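Participant: Read off the chains here:
2 protein chains.
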Amino acid sequence: MSAFVNIDAQRIPVALSHQPYEVVIGGEGLRGVGKELRRAGLKEGIKVLVVSNADVAEPYGDLCLQSLKESGFRPTLLVIEAGEDQKTPVSVALIHDAAYEAKLERGSLMVALGGGVVGDMTGFAAATWLRGISVVQLPTTLLAMVDAAIGGKTGVNHPGGKNLIGAFHQPRLVLIDPSTLKTLPEREFRAGMAEVIKYGVIGDSALFQLLEGIQELDTPSQLHQDLLEKILERSALAKSRVVSSDEREGGLRAILNYGHTFGHVVETLCGYGNWLHGEAVAIGMVAVGELAVLRQSWSRDDANRQKSLIAKAGLPIAWPKLDPEEVLYTLQGDKKVKDGKLRFVIPTGIGNVEIKNDVSREEIRKCLSELS
Amino acid sequence: MSAFVNIDAQRIPVALSHQPYEVVIGGEGLRGVGKELRRAGLKEGIKVLVVSNADVAEPYGDLCLQSLKESGFRPTLLVIEAGEDQKTPVSVALIHDAAYEAKLERGSLMVALGGGVVGDMTGFAAATWLRGISVVQLPTTLLAMVDAAIGGKTGVNHPGGKNLIGAFHQPRLVLIDPSTLKTLPEREFRAGMAEVIKYGVIGDSALFQLLEGIQELDTPSQLHQDLLEKILERSALAKSRVVSSDEREGGLRAILNYGHTFGHVVETLCGYGNWLHGEAVAIGMVAVGELAVLRQSWSRDDANRQKSLIAKAGLPIAWPKLDPEEVLYTLQGDKKVKDGKLRFVIPTGIGNVEIKNDVSREEIRKCLSELS
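Heads up: the protein sequence lines correspond to chains A and B, in order.
Residues in the first sequence are numbered from 3 upward in steps of one, following the numbering used here.
Residues in the second sequence are numbered from 3 upward in steps of one, following the numbering used here.
Be careful, since some hints might not be right.
[To be verified] In silico EDC-like links for lysine to aspartate or glutamate, alpha-carbon gap of 16 Å or less:
no.	chain 1	residue 1	chain 2	residue 2
1	A	Lys343	B	Glu107
2	B	Lys49	B	Glu107
3	A	Lys164	B	Glu107
Read the hints as simulated data drawn from the structure, not as lab findings.
Please read all numbers here as calculations on a predicted model, not as lab measurements.
Can you make the complete structure from the sequences, with help from the hints?
Facilitator: Here it is as structure tokens:
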């Protein structure tokens, strides 16, 4: 194998019982995507529909297609618009039309080259074409690399809410080329770092400490390649561990929602688009950190360490001015509400969280008043 | 359990490793749907979106809703148009809108009350709402009872072809109420009988003989209830056996396509809507029966027995006037083509078939000339 694929790549297994796969970090990157697909068991000669958006296809589309051709695949490129506004069934229909034009068969493949929106839409299009064909994720944003591309959640938005339409459809391979982050806007890089910090808080105190030790966390251009790869590796490991033990979000996977419940409130009430998802999660983590202090679940010191790290990463920490009753109303409409009670992922220390179903409206009101 | 559910129901297990379920035939029928759902493990108090079309909802909608309410469920009824023309992503969006309005949660349920189109669309809507919620099939046409409702194939049409968009999504329960066949148009009943005959040829010679012994096969109103239930039971058993051993159509399940390859040609070249699906399959079985005689795979006598039974069921047997080259072209565009070779399910006797990938264009031409 070593002559076949660059040996420097990090390989994180996602150990699912039905169809395990690997998250590959580094190595030859997009230049080696063809070889990696062959290694993952995809057959020479099959048709591949690569879906991307203009900003990503422009620098990386040709590189990717050339690598696929060199390894004997028959690729076609589809460029679509991929803002959050386009994450709808209409875009999925465009991908299906391209799949039809390219005469994809059951043994064919779709490849998502881009950020979370491209990954979610392409994954869902693959899940629903010919009752499910294979998909490979090539994430090009930090958020997609550490979160969206791993774990098989695919889908699009419904006018009534984000990601209401979707399917679980695991990829055959996730290939992360860290060099694509060079073309990522800095604000998006920082937003992705919020999810990395999340992994530290929910289960990896060593990762948290690693991040605490990096001074240039808010300026990605200054971040050393080795440190970046280490961060990607620890994050992929964290996500992989949770997904492997709970593929379809029956239990443990809920801890990945740490910071997301309050974050969802911020996204909803401040208007989608004002805050990036990761920024809203950053604010949400600070908020639920405060809730945890109030509940005496963790110490003020831990909450402060979290807040400092989030601030150092160049992320927002201040809770916006919001009517507490509107916040409560929004929380109750959230998917995470179980049997009418408020459900939160509460930290008990750096590297440990618990899922709590017993958070009262009164506690939320008190927390919000502390935050404002 | 016996005090809880009518003991007269036939129960056919579909023995899937991940989520086995039952096909329940008879018993209290739709009047007992609530009890059957409870028996299948669905929890009291959950929301249920019942999807149906006007022709079916008018006689059976209230019955079904009342039974659900009596068993503690919270049902809503959505009536949609459900012709083959409506089997599109647009109709799925209507079901999703209703799911949103009804505030369905991950533990909620969709119920398909109707024929194959309602079942396929509702199953797909359930597969893709909140990344997959439970679905129960209540088929009201013979075709849906013996085929479409069992096995988890769901989906809608793409402008480029039937069922190109879809997902595998097994139901939690299939409940067959044979009394709903009383309101089914006779032509549709006969079309469903084509699939029943198919089960006889591909794997159940006793079923075939049973059908041969029924004189009133083409007049459903004359068919004795016990015979009808026997037919439904043998068909469900046949489908269940194949699905259990090959949930995702990797191998054995292909034998269910018996008669469908030529049938697909008839549907495509004669225009969808001229022939019902079952009628096209009937013509297709006669045609592939002839191909099998030419290949000396089965006897002229077997082919004649099949043709006689199909004719007795009031189904068409004559191959339409079609340009043989157009037929070949259509065959090659079919999903069932593997590596450019023509693939057919060929009978080797009443109750036995083989999947053959080596059928030549010349053999097809000869067969078509024999048929015309």
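Participant: Evaluate each hint against the coordinates.
Facilitator: A quick look at each hint next to the structure:
1. As the CA atoms of Lys343 of chain A and Glu107 of chain B are separated by approximately 15 Å, the hinted pair is consistent with the 16 Å bound.
2. About 8 Å separates the Cα atoms of Lys49 of chain B and Glu107 of chain B, which keeps this hinted pair within 16 Å; it holds.
3. Annotation: proposed proximity of Lys164 of chain A to Glu107 of chain B holds, straight-line Cα distance about 14 Å (limit 16 Å).
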